[in-house]
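S.K.: Sequence:
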Amino acid sequence: MNLKSLLIGLILVTIIVLGIIQLLESLNSKRQNSPSYFQETVSLPEKVRDLTETRERQIKEREEQLDQE
Numbered sequence: 020m021n022l023k024s025l026l027i028g029l030i031l032v033t034i035i036v037l038g039i040i041q042l043l044e045s046l047n048s049k050r051q052n053s054p055s056y057f058q059e060t061v062s063l064p065e066k067v068r069d070l071t072e073t074r075e076r077q078i079k080e081r082e083e084q085l086d087q088e
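Going by the working numbering, 24 is the number at position 5 of the sequence shown; the sequence numbering is gapless.
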């Protein structure tokens with residue numbers, strides 16, 4: 020009786036865990052197929068480039084300020 024209950028409990032826990040995993044995978048694939056996800060992914064390199072250029076410009080301006088002092 021005790022072994023039977025343990026076995027049934029383990030099977031139920033396994034089914035629940037597998038169901039949660041499938042649900043999370045489904046939500047993740049829906050997010051990746053959404054247009055906003057693609058727009059965000061495509062615009063990411065542009066954002067990085069803009070931030071890099073801004074940082075380089077700030078460094079040059081700061082160096083010029085220090086040279087003037």
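Just to be clear, a hint being listed does not mean it is correct.
[Said to hold, decoys possible] Here are the in silico distance ranges between beta carbons for each label pair:
hint	residue 1	residue 2	range
1	Arg74	Ile40	53 to 59 Å
2	Ser55	Gln84	37 to 43 Å
3	Arg50	Ile30	27 to 33 Å
4	Ile40	Thr60	33 to 39 Å
5	Glu83	Leu42	42 to 48 Å
6	Thr71	Ile40	36 to 42 Å
7	Ser45	Ile78	43 to 49 Å
8	Leu29	Ile78	55 to 61 Å
9	Glu44	Glu88	57 to 63 Å
Hints in this document: simulated from the structure, not taken from any laboratory. C-beta: ideal position from N, C-alpha, C; glycine also.
S.K.: Which of the numbered hints above does this structure break?
M.R.: 1, 4, 5
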